[in-house]
Amino acid sequence: MADDLLRRVRPPNWQNPQPRSRYDLIVVGGGPAGLAAAELAAREGRSVALLERYRLGGNSLNSGSIPSKAIIRAARVLVSLRDEEDFGATAFERPATDFAAVMERMRRLRARIAEYHSIDRLCARGIDVFFGGARFLGPDTLGVADASLSFSKAIVATGARPQASSIPGLAQAGFQTSDTIFDLTELPRRLGVIGGGPLGCELAQAFSRLGSQVTLVQNEPKFLPHDDRDAAELLSMSLSRDGVDTRLNTAVVAARREGDAKWLDTLSNGVKCSIPVDDILLSVGRVPNVEELGLEAAGIAYEATGIAVDRYLRTSNQNVYAAGDVCQSYQFTNVAESCGRLAAHNAFGAGAQRQSNLAVPWCTYCDPEIAHIGLHPHEARAQSIPVKSFTIMMQDVEGAITDGLDEGFVKIHIREGTDQILGATIVATRAAELINEMSVIMNAGIGMRRLASILHSYPAQSDAIRLAAMAFLEDRSNA
Amino acid sequence: MPALTELSDEALIDRLQRGAFAYFIDYTQAHTGLVADNSRAGSPCSIAVVGFALSCYPVGVERGWMSRTQAAALTLRTLRFFWSSIQGDQANVTGYRGFYYHFLGMQTGRRVWQCELSLIDTALLMAGILTAGAYFDGAGEEADIRRLSDALYRRVDWQWAQNGQQTVSQGWKPECGFLNYGWEGYNEAALLYVLGIGSPAHALAAGSFTGWTCTYQWENLLGHDVLYSGPLFTHLFSHAWIDYRNIRDPFMREKHSDYFDNTRSAIAIQREYGARNPHGFEGYDRDLWGVTAGDGPGNRELRQHGRDRRFFGYMSRGVPYGPDDGTIAPWAMLATLPFDADAALRGTRHLLRTYPEVCTQDRFSSGFNPTVESPSGGWLSEGWFGLDQGLLVMMIENYRSGLIWDITRQCPAIRAGLIGAGFTGGWL
Numbered sequence: 001m002a003d004d005l006l007r008r009v010r011p012p013n014w015q016n017p018q019p020r021s022r023y024d025l026i027v028v029g030g031g032p033a034g035l036a037a038a039e040l041a042a043r044e045g046r047s048v049a050l051l052e053r054y055r056l057g058g059n060s061l062n063s064g065s066i067p068s069k070a071i072i073r074a075a076r077v078l079v080s081l082r083d084e085e086d087f088g089a090t091a092f093e094r095p096a097t098d099f100a101a102v103m104e105r106m107r108r109l110r111a112r113i114a115e116y117h118s119i120d121r122l123c124a125r126g127i128d129v130f131f132g133g134a135r136f137l138g139p140d141t142l143g144v145a146d147a148s149l150s151f152s153k154a155i156v157a158t159g160a161r162p163q164a165s166s167i168p169g170l171a172q173a174g175f176q177t178s179d180t181i182f183d184l185t186e187l188p189r190r191l192g193v194i195g196g197g198p199l200g201c202e203l204a205q206a207f208s209r210l211g212s213q214v215t216l217v218q219n220e221p222k223f224l225p226h227d228d229r230d231a232a233e234l235l236s237m238s239l240s241r242d243g244v245d246t247r248l249n250t251a252v253v254a255a256r257r258e259g260d261a262k263w264l265d266t267l268s269n270g271v272k273c274s275i276p277v278d279d280i281l282l283s284v285g286r287v288p289n290v291e292e293l294g295l296e297a298a299g300i301a302y303e304a305t306g307i308a309v310d311r312y313l314r315t316s317n318q319n320v321y322a323a324g325d326v327c328q329s330y331q332f333t334n335v336a337e338s339c340g341r342l343a344a345h346n347a348f349g350a351g352a353q354r355q356s357n358l359a360v361p362w363c364t365y366c367d368p369e370i371a372h373i374g375l376h377p378h379e380a381r382a383q384s385i386p387v388k389s390f391t392i393m394m395q396d397v398e399g400a401i402t403d404g405l406d407e408g409f410v411k412i413h414i415r416e417g418t419d420q421i422l423g424a425t426i427v428a429t430r431a432a433e434l435i436n437e438m439s440v441i442m443n444a445g446i447g448m449r450r451l452a453s454i455l456h457s458y459p460a461q462s463d464a465i466r467l468a469a470m471a472f473l474e475d476r477s478n479a
Numbered sequence: 001m002p003a004l005t006e007l008s009d010e011a012l013i014d015r016l017q018r019g020a021f022a023y024f025i026d027y028t029q030a031h032t033g034l035v036a037d038n039s040r041a042g043s044p045c046s047i048a049v050v051g052f053a054l055s056c057y058p059v060g061v062e063r064g065w066m067s068r069t070q071a072a073a074l075t076l077r078t079l080r081f082f083w084s085s086i087q088g089d090q091a092n093v094t095g096y097r098g099f100y101y102h103f104l105g106m107q108t109g110r111r112v113w114q115c116e117l118s119l120i121d122t123a124l125l126m127a128g129i130l131t132a133g134a135y136f137d138g139a140g141e142e143a144d145i146r147r148l149s150d151a152l153y154r155r156v157d158w159q160w161a162q163n164g165q166q167t168v169s170q171g172w173k174p175e176c177g178f179l180n181y182g183w184e185g186y187n188e189a190a191l192l193y194v195l196g197i198g199s200p201a202h203a204l205a206a207g208s209f210t211g212w213t214c215t216y217q218w219e220n221l222l223g224h225d226v227l228y229s230g231p232l233f234t235h236l237f238s239h240a241w242i243d244y245r246n247i248r249d250p251f252m253r254e255k256h257s258d259y260f261d262n263t264r265s266a267i268a269i270q271r272e273y274g275a276r277n278p279h280g281f282e283g284y285d286r287d288l289w290g291v292t293a294g295d296g297p298g299n300r301e302l303r304q305h306g307r308d309r310r311f312f313g314y315m316s317r318g319v320p321y322g323p324d325d326g327t328i329a330p331w332a333m334l335a336t337l338p339f340d341a342d343a344a345l346r347g348t349r350h351l352l353r354t355y356p357e358v359c360t361q362d363r364f365s366s367g368f369n370p371t372v373e374s375p376s377g378g379w380l381s382e383g384w385f386g387l388d389q390g391l392l393v394m395m396i397e398n399y400r401s402g403l404i405w406d407i408t409r410q411c412p413a414i415r416a417g418l419i420g421a422g423f424t425g426g427w428l
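Top to bottom, those sequences are chains A and B.
Each residue of the first sequence is one higher than the last, beginning at 1 in the numbering used here.
Each residue of the second sequence is one higher than the last, beginning at 1 in the numbering used here.
No lab work stands behind these hints: they were computed from the structure.
Glycine included, C-beta positions come from ideal geometry on N, C-alpha and C.
Be aware that one or more of the hints could be misleading.
[Claimed, not checked] Computed spacing ranges between beta-carbons, pair by pair: (1) A:Thr-418 - B:Asp-342: 30 to 38 Å; (2) A:Asp-86 - B:Gly-64: 53 to 61 Å; (3) A:Gly-445 - B:Thr-215: 24 to 32 Å; (4) A:Pro-459 - B:Glu-184: 29 to 37 Å; (5) A:Gly-417 - B:Asp-285: 30 to 38 Å; (6) A:Gly-270 - B:Thr-108: 17 to 25 Å; (7) A:Ser-477 - B:Gly-426: 15 to 23 Å; (8) B:Asp-285 - A:Arg-76: 32 to 40 Å; (9) B:Gln-29 - A:Gly-174: 53 to 61 Å; (10) A:Leu-137 - B:Tyr-181: 36 to 44 Å; (11) B:Asp-285 - A:His-456: 30 to 38 Å; (12) A:Val-440 - B:Pro-375: 52 to 60 Å; (13) B:Gly-105 - A:His-226: 38 to 46 Å; (14) B:Gln-29 - A:Thr-418: 54 to 62 Å.
[Claimed, not checked] In silico DSS-like cross-links for lysine-lysine, where the CA-CA straight-line distance does not exceed 30 Å: (15) A:Lys-222 - A:Lys-272; (16) A:Lys-272 - B:Lys-173; (17) B:Lys-173 - A:Lys-222.
Required output: the full structure, derived from the provided sequences and hints.
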């Protein structure tokens, strides 16, 4: 499977092509943003070169969304067998986890999905692919390997990487990040996860379900600090139910190795504690890849937080754009792809488009999933927008009840006094799917009145969205 | 003595109020006024319970359950203890910067359990101290009460508790400084902000209340518009002292509601949740509700009817988001008397008929959970908790005579705090 993956994303015997004299577009970075930009430009007849340091597909394919979701799915299947009794099936024995099989499935799926982003497809579209570290040599010149490439336009889409940590002793003790954990061959008996953001929570729950004793340490009062508070509290309960030892308001102040064990020394409101683990996952955020690109040589302004772009994704070099995690606060694959296309469009097209109009749905793939789009109520209030949320509990949705998947809620946030939808938060087993309906609704400008009249199949979990709109209609203040 | 279920509404209320009041006679340290957090052996003092006790003594006087002289003497001893106890940043004292540690040794009067210097519990204590200062308007010992009440309140350094932030921290410890707990959304802290803003000496900065209300969630939930907070007690605690009827802050003016009506909505949601009973807990009903903070069966798991159930110990429970493990606080329904007397009495009578064991010596236990299987038919919290009894005494009295609200409406600090927070209308 590793051969299948590499054949598609970084062929071992690859020979970089002979460069053209000048490219219409050079894209630096072969992740979701770079691939989308390169493919769009090539489709429009531009001469395109794509420069990739490591593997095509970026973090999403190689060490992010795809491998994590494959593992999460396996963990869900295993845990769903716990509830077999409630569904009338009593003959099964409790399943054991074959971690090697779980990882093998993940690698198989990753290799399969890699085909959609493969080098063969890029070449078939006439895109010249160069592997190697890229570096600006001047305002319109890039170097890669031994070649020097000139461009009319360029897009920097180098993505981001796991943020380092200054925890004393952590480097010596050894730890995993999202870049390395999917290469594990054995399930850690005890796993310490540092960081309660999306990836930390997802993998803490998944590894716990697969059989690890997981301790999740978060130096904040809640998990998913940027998400709805009720969602975060439901997640806390869900993690605990799955056996994760959750430590909120807790800082890891040191790590050390003693014999075969590693220890995380923690401090929580003055109380010290030491947690023995066999492996550590560090998941405290991501930082943009802006180093070693020679950005200064091209006059591209940047900071540690990323490349500075205007609302058209143009950098301080008028011929260079940026897209994806290297310049976006929303570090999601869907945003990266969208911005990659937008940057390619703006680089050549008439009628430049702004990226600020995007309504971004995102999801944390814990169980239940936590998805959001648009404004949170506190964000609306900070803008002096009167906001009201119409909430339907999944436990009151008949389709969710019959499915036995009735944990969570749908909240639709509206501008009070109107039926305009400002945002939505969904916590449900399939929230990632449900939020996409809200994305369509919001982008189509559909309000609560019209939404209430749109028929949904019955029974279905998505009926929760219609029920929220019905609650709006039944609210006396909207009469 | 007739069974509770045979009494008229008025007689039932009177007996249960007196039973609750007696907690403060039974579990108060006479020479310091410190009151035990709960009736179990070895319980420390909770400063919040002292705040409730100080507010209940005027009720006892007016109801004839203790003499005014007795009440004044006990109140003065309590205030003298808090005034003269050690304040400092050491780990084993009673308070710091006018605030007090959440739990104190009943005998030593000093911090126990490495607990936090608690802002909300100090606010509850101060509410009781201010109530005493406003009620005792005579000469002699009563004048001393007024002087000490004012001095204790002035000493609280609310500004320090902001720690440079817009909103207040939940607490502080000498071992680590201010605590890093999130305290977003509406809850019982309304009282803390009102008292902090009303301080003539160390008032919270302007904008602190607005900063807090920015975290509010206005929701339509189970068919009711509500400023959301899950646990029922959060809709009751500050109301025990503050009469929110017809007074509104900017948030409630925007929503055409007030905090009193909001508690009525919270009650309606509790009842609707009880009727729907989504988790199939034993006993839940439109007339059996009260999911809130309190004692619980302890951390354990149970498999029932093909589903795993998890139970918890003392914790804050709420609806509809949870956590909910089937534990009901038996006192909670009656504590809502001023807001929805019909619902409160229907629920309480249903409870006493169905689960009479939740009330012993005319005093409700902190929690019960009939879903937990046991030889006695469920789990029942042992003994009583002072917070429950104090809230019940005050809320029943507010329903019967409005005494506490009458007292606090005359309290300059509370008026100043409400006005400073932007409240207008009604009795203001």
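Status of the hints after comparison with the structure:
no. : hint                              : in the structure
1   : A:Thr-418 - B:Asp-342: 30 to 38 Å : holds, 36 Å
2   : A:Asp-86 - B:Gly-64: 53 to 61 Å   : holds, 57 Å
3   : A:Gly-445 - B:Thr-215: 24 to 32 Å : holds, 29 Å
4   : A:Pro-459 - B:Glu-184: 29 to 37 Å : holds, 34 Å
5   : A:Gly-417 - B:Asp-285: 30 to 38 Å : holds, 36 Å
6   : A:Gly-270 - B:Thr-108: 17 to 25 Å : holds, 21 Å
7   : A:Ser-477 - B:Gly-426: 15 to 23 Å : holds, 22 Å
8   : B:Asp-285 - A:Arg-76: 32 to 40 Å  : holds, 35 Å
9   : B:Gln-29 - A:Gly-174: 53 to 61 Å  : holds, 55 Å
10  : A:Leu-137 - B:Tyr-181: 36 to 44 Å : violated, 52 Å
11  : B:Asp-285 - A:His-456: 30 to 38 Å : holds, 31 Å
12  : A:Val-440 - B:Pro-375: 52 to 60 Å : holds, 56 Å
13  : B:Gly-105 - A:His-226: 38 to 46 Å : holds, 42 Å
14  : B:Gln-29 - A:Thr-418: 54 to 62 Å  : holds, 58 Å
15  : A:Lys-222 - A:Lys-272             : holds, 19 Å
16  : A:Lys-272 - B:Lys-173             : holds, 14 Å
17  : B:Lys-173 - A:Lys-222             : holds, 20 Å
Of the numbered hints given earlier, the model fails hint 10 alone.
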